[in-house]
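*Asks:* Given chain A, work out where chain B should sit, using these hints.
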Amino acid sequence: MTVGLFIPCYIDQFYPNAAIATLTLLKKLGVDVKYPSRQTCCGQPMANSGFEHLTQGCNDLFIDNFAEFDYVVSPSGSCVLHIKDHLHSPKEENKAVDIRKKVYELTEFLTDVLQVEKLDARFPHKVGLHQSCHGQRGLMLAQMTELVKAPFSKPLHLLNMVEGLELITLSRPDECCGFGGTFCVAEEAVSVKMGKDRVADHLNHGAEYITAADMSCLMHLEGILRRQKSNVKVLHIAEILNAQ
Amino acid sequence: MNTAFKDHSELSDLFNKDEARVDWHDETLWFVRAKRDKAAHGIPEWESLREAASQIKNNVLSNLQDYLVEFEENAKKNGVTVHWAADAAEHNQIVHKILKDQGVNRLIKSKSMLTEECHLNEYLKNNGVEVIDTDLGERIVQLAEEPPSHIVLPCIHKKKEEIGDLFHEHLGTPAGMSDPVFLTAAARKHLRETFVTRKAAITGVNFAVAETGEFVVCTNEGNADMGAHLADVHIACMGIEKIIPKRNNLGVFLRLLTRSATGQPITTYSSHFRKPRPGQQMHLILVDNGRTTQLSRPDFRNSLKCIRCAACMNTCPVYRRSGGHSYHTAIAGPIGSILAPNLDMKEYADLPFASTLCGSCSNVCPVKINIHEQLYKWRQVIVKEGYAPAKKAIAMKVMEFTLSSPLIYKNAGKAGRWFMKHAPFTVNNKLNLWYDHREMPEVPKESFGEWYNKNVKND
Numbered sequence: 001m002t003v004g005l006f007i008p009c010y011i012d013q014f015y016p017n018a019a020i021a022t023l024t025l026l027k028k029l030g031v032d033v034k035y036p037s038r039q040t041c042c043g044q045p046m047a048n049s050g051f052e053h054l055t056q057g058c059n060d061l062f063i064d065n066f067a068e069f070d071y072v073v074s075p076s077g078s079c080v081l082h083i084k085d086h087l088h089s090p091k092e093e094n095k096a097v098d099i100r101k102k103v104y105e106l107t108e109f110l111t112d113v114l115q116v117e118k119l120d121a122r123f124p125h126k127v128g129l130h131q132s133c134h135g136q137r138g139l140m141l142a143q144m145t146e147l148v149k150a151p152f153s154k155p156l157h158l159l160n161m162v163e164g165l166e167l168i169t170l171s172r173p174d175e176c177c178g179f180g181g182t183f184c185v186a187e188e189a190v191s192v193k194m195g196k197d198r199v200a201d202h203l204n205h206g207a208e209y210i211t212a213a214d215m216s217c218l219m220h221l222e223g224i225l226r227r228q229k230s231n232v233k234v235l236h237i238a239e240i241l242n243a244q
Numbered sequence: 001m002n003t004a005f006k007d008h009s010e011l012s013d014l015f016n017k018d019e020a021r022v023d024w025h026d027e028t029l030w031f032v033r034a035k036r037d038k039a040a041h042g043i044p045e046w047e048s049l050r051e052a053a054s055q056i057k058n059n060v061l062s063n064l065q066d067y068l069v070e071f072e073e074n075a076k077k078n079g080v081t082v083h084w085a086a087d088a089a090e091h092n093q094i095v096h097k098i099l100k101d102q103g104v105n106r107l108i109k110s111k112s113m114l115t116e117e118c119h120l121n122e123y124l125k126n127n128g129v130e131v132i133d134t135d136l137g138e139r140i141v142q143l144a145e146e147p148p149s150h151i152v153l154p155c156i157h158k159k160k161e162e163i164g165d166l167f168h169e170h171l172g173t174p175a176g177m178s179d180p181v182f183l184t185a186a187a188r189k190h191l192r193e194t195f196v197t198r199k200a201a202i203t204g205v206n207f208a209v210a211e212t213g214e215f216v217v218c219t220n221e222g223n224a225d226m227g228a229h230l231a232d233v234h235i236a237c238m239g240i241e242k243i244i245p246k247r248n249n250l251g252v253f254l255r256l257l258t259r260s261a262t263g264q265p266i267t268t269y270s271s272h273f274r275k276p277r278p279g280q281q282m283h284l285i286l287v288d289n290g291r292t293t294q295l296s297r298p299d300f301r302n303s304l305k306c307i308r309c310a311a312c313m314n315t316c317p318v319y320r321r322s323g324g325h326s327y328h329t330a331i332a333g334p335i336g337s338i339l340a341p342n343l344d345m346k347e348y349a350d351l352p353f354a355s356t357l358c359g360s361c362s363n364v365c366p367v368k369i370n371i372h373e374q375l376y377k378w379r380q381v382i383v384k385e386g387y388a389p390a391k392k393a394i395a396m397k398v399m400e401f402t403l404s405s406p407l408i409y410k411n412a413g414k415a416g417r418w419f420m421k422h423a424p425f426t427v428n429n430k431l432n433l434w435y436d437h438r439e440m441p442e443v444p445k446e447s448f449g450e451w452y453n454k455n456v457k458n459d
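Going down the list, the protein sequences come from chains A and B.
The first sequence: position 201 = 201 (this note's numbering), numbered continuously.
The second sequence: position 390 = 390 (this note's numbering), numbered continuously.
Hints in this document: simulated from the structure, not taken from any laboratory.
Accuracy of the hints is not assured; some may be wrong.
[Said to hold, decoys possible] No farther apart than 25 Å at their CA atoms in a straight line, the calculated lysine-lysine pairs in the DSS-like style are these: (1) A:Lys233 x B:Lys445; (2) B:Lys445 x A:Lys229; (3) B:Lys454 x A:Lys28; (4) B:Lys100 x A:Lys27; (5) B:Lys457 x A:Lys28; (6) B:Lys377 x B:Lys6; (7) B:Lys445 x A:Lys149; (8) A:Lys126 x A:Lys34; (9) A:Lys34 x B:Lys414; (10) B:Lys397 x B:Lys410; (11) B:Lys377 x A:Lys95; (12) A:Lys34 x A:Lys102; (13) A:Lys27 x A:Lys149; (14) B:Lys100 x B:Lys6.
[Unchecked claim] Short, incomplete list of chain B residues facing chain A, as computed with Cβ under 7 Å: (15) Phe31; (16) Tyr123; (17) Pro317; (18) Pro406; (19) Pro441; (20) Phe448.
By construction, the Cβ of each residue, glycine as well, lies at the ideal position given by its N, Cα and C atoms.
Same shape as in the complex, but just chain A (with noise of 0.2 Å):
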């Protein structure tokens, strides 16, 4: 089984360790993990803006770094789902199908494909987990409030197998953190103002650290934890189950 490994761009520059902590934990688990080196991103600030149609060349691009790859996995939710449900290409359409298929977020992969029961990890810290909403929505990486459904959550199964971590409640479990992508300029007032409810729900019950599958809405928390003078961080969901 190969995989290819999908950076979305934004962690590629700005949390190059979440990246390197997918990479290391998928070694670990012994998977032939490669990340071609040619990838920029999957189009969804354009997409997501209304400028879908500016996305071809980011298509084709995706399309030549991964199709030859068995499963393509990514620390990122949102950047898979775009990929999910909006990748074509006009010439190679039976790629995107194939690529639609294979791409998996990180978590999903370790407990859908790897079937991952155990793990080698330590981190001793109380510990919000933020459901980001296109990664539980829109992949379905766990039950939804809305839903009268059973539950069930990949990213806090995996959570439970790290010793020593303690997870903390939240008093709205799902609730959006506002970042959107160009909404949180757009809509600066709203997006900030959802941001600082989401990090007050952390903060009130305790978290050390704020953990999520997507790193964007862990960049707008952590800009406002900071701006906050708050000494709570956050960390990619990839960094804690990698974490000794």
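*Replies:* Okay, now just chain B, sitting in the frame of chain A:
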């Protein structure tokens, strides 16, 4: 309220100047969402009910012309006068003509989002007809000369103290009195006088049953019944999508409607109107006003399944923190944001962008409208039709250029300089919009790509 020159973002910015008020608004509506959750979780077959409702409505939309004709025939047989209105203007003219023919210049109206959509009150007022809204929340916003901010809870943006002040000014309640029970009693007394003196009553319609020609009006206050039963002329106004095929379909919709809206098992009054009582006139106006246009848009037609429960507003983290008026349209929130561009794409070009696409709206929708997916699709349509701001279009071109080429991306990305200017969160090049309330991410000494080349590639 003049909102003509401000978009959702600017209006939300104003709303957020008073953070304590935003907290109060958010908590109030979250409380309603929590009640909805409790009610929904009390019904084990909830998800099947939603699916049933969705399929009934899909059937209606696919056979709308037949159900409308069937409904009209049966309503006429029952003695109801049926009118057809192509748009808001024709609807308003029909109402006015009925009133003129009866020599009526004062009327009462129970809650109807359709008449809000058609701006009926304003039209009638300009034509010398006095309208008094009898739904308590509607009456409050009417006294405040504001549009409703929520389709089920019209004055949810007002605190009880503000309502006390309004009642003091208009209904003569004691200054400073804000006790809800006292204020409700005062409104009740005031409205009783109007109920017995007005000869004409307008109601909305929640469901119109094709097989029987009857229509159902749901209220918690009984004000629709009080108005319609006392008036000589009852005018019911409905959008053409309110049709359901059979009376027993109500067993699905009435169970979903109020659980989704307020968390109640059912509305206090679910009144069936079938025929006029002897001596009474009953008129029913079937209004298109853009609905057939929406029906012709494959990506957006199923927005017409909406039963106006407002669950999508209560759950929307953006709506709760921006207030209904920030949507500058009669129907606010996520559902309003997919309905409004159909009516006027230019004026409402901002609304599909007033969302993080979190998807909570689609999950609470009792008729399973894929609201957040339609928001995404409207964005594409609005940009293609040329209603995107020019600056944004340029920024997107720059992004396309850079991200389409690995080499340009790598060079541009060195130490994050390009990203600081062009990343999704700074896309319109105003760094301060991120930085006003958030720190920028710290730029690492090397990107992951650079790290990988050094440390892994040649392993």
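*Asks:* Work down the list of hints and note, for each, if the structure agrees.
*Replies:* Against the structure, the hints come out as follows:
no., hint, in the structure
1, A:Lys233 x B:Lys445, "20 Å, holds"
2, B:Lys445 x A:Lys229, "23 Å, holds"
3, B:Lys454 x A:Lys28, "20 Å, holds"
4, B:Lys100 x A:Lys27, "81 Å, violated"
5, B:Lys457 x A:Lys28, "17 Å, holds"
6, B:Lys377 x B:Lys6, "23 Å, holds"
7, B:Lys445 x A:Lys149, "46 Å, violated"
8, A:Lys126 x A:Lys34, "33 Å, violated"
9, A:Lys34 x B:Lys414, "22 Å, holds"
10, B:Lys397 x B:Lys410, "18 Å, holds"
11, B:Lys377 x A:Lys95, "24 Å, holds"
12, A:Lys34 x A:Lys102, "15 Å, holds"
13, A:Lys27 x A:Lys149, "35 Å, violated"
14, B:Lys100 x B:Lys6, "37 Å, violated"
15, Phe31, "12 Å, violated"
16, Tyr123, "33 Å, violated"
17, Pro317, "5 Å, holds"
18, Pro406, "4 Å, holds"
19, Pro441, "4 Å, holds"
20, Phe448, "4 Å, holds"
In summary, the numbered hints that this structure violates are 4, 7, 8, 13, 14, 15 and 16.
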